[in-house]
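Engineer: Dock chain B against chain A, hints included.
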Amino acid sequence: MTQHGKSIFVVLPAYREAGVIGGIVSEIRKRYPDFSIVVVDDCSYDTTAQEAANAGAHVLKHCINLGQGAAVKTGIAFALQKGANIIVHMDSDGQHVVSEIDLLLEPLFTGKADVVLGSRFLSDRSNVPSLRRLVLKAGILFTWFFSGLRLTDTHNGFRASTREAAQKISMNENRMAHASEILHEIVRHNLSYVEVPVTVLYTKYSLLHGQKSSNAFHIVTRLLWRKLFLE
Amino acid sequence: MSLYVVGKAAVAYFHKRIRLPAFIVWSSFWVGIIVLVWQPNLTDRLAALLQVGRGADAIFYLSLIVIFYLLFRIYIRFERIDSHITTLVREIAILNNRLDDTKK
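Chains as they are written, first to last, in the numbering used here: chain A, 90 to 320; chain B, 5 to 108.
In isolation and in its complexed conformation, chain A is listed as follows (with noise of 0.2 Å):
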């Protein structure tokens, strides 16, 4: 469970991702044998929660579906109650690269950040398709004007943070503009942040499975209403 005297946990939302969330557990747990592993099974109605936990993780089970922000944030609080010194977020559907966890990593250890933020622009590796470049993109000019954060990449699910943040990090918005809730919060506390170089694959798979780039206005929407009315 340690790693430089670290407790880590991986926490991975999952809705209906039967036959992918296995391979990734499995794959997490042979290169990082120490890590504790968590799934949120969204109430898929598939096998993901059984296969999931035949391939070694702990599993948590909404029994409503709730929402990718919802199922990360039930994975943090099963995380923090556990113990962790750090947690990282990835997603279930095969798009982030197991081994690349030690990117987010390392800022972390050596106390360079309170909170690792994987960006698909520093780097030519992901084959993000145009139309998803161009919503990405206006997502980080929206969260440059509304957090004053100048970020490469904005709705990157791929990131760690140290217990401290997390306990700090206060999650409201159950669906995906979660993403730019937690760049609020990190503002909001003054958290020390870095963004470093990851691969989102995106195929055929994810492109049906993930989020889809029509779901930017709602994000918006979301965040405006919050902003106005709940805040």
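If you're looking for bench data, these hints aren't it; they were derived computationally from the structure.
Please note that a few of the clues may not be correct.
Claimed, not checked - With a Cα cut of at most 30 Å, we get these calculated DSSO-like pairs of lysine-lysine: (1) Lys-226/A - Lys-171/A; (2) Lys-107/B - Lys-119/A; (3) Lys-95/A - Lys-107/B; (4) Lys-95/A - Lys-20/B; (5) Lys-12/B - Lys-171/A; (6) Lys-119/A - Lys-108/B.
Structural biologist: Positioned in the frame of chain A, the structure of chain B alone reads:
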């Protein structure tokens, strides 16, 4: 119709399904409708007070404001319930995992 609704509200209040403030507001609204049907000229006075042309227009504008306000209130309430459900579902997920662990 109005009398029927006021009656239903009274029954709900006596069976403690709604509280007194809700009963007063709801009954007043429907009694108000009865009064306006009886004395439609009253709306013209309201229109004059609000500097709107006709009584019916004044009622229309006021209704819209009230409806939008209620929608807003309902949305906020809905958000709160949604957040409570989320908390419950998340807690249940963690508790179930703990139960599974103790069974092993």
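Engineer: All the hints need checking, so say for each whether the structure fits it.
Structural biologist: Hint check results:
no.: 1; hint: Lys-226/A - Lys-171/A; in the structure: 37 Å, violated
no.: 2; hint: Lys-107/B - Lys-119/A; in the structure: 27 Å, holds
no.: 3; hint: Lys-95/A - Lys-107/B; in the structure: 28 Å, holds
no.: 4; hint: Lys-95/A - Lys-20/B; in the structure: 57 Å, violated
no.: 5; hint: Lys-12/B - Lys-171/A; in the structure: 53 Å, violated
no.: 6; hint: Lys-119/A - Lys-108/B; in the structure: 24 Å, holds
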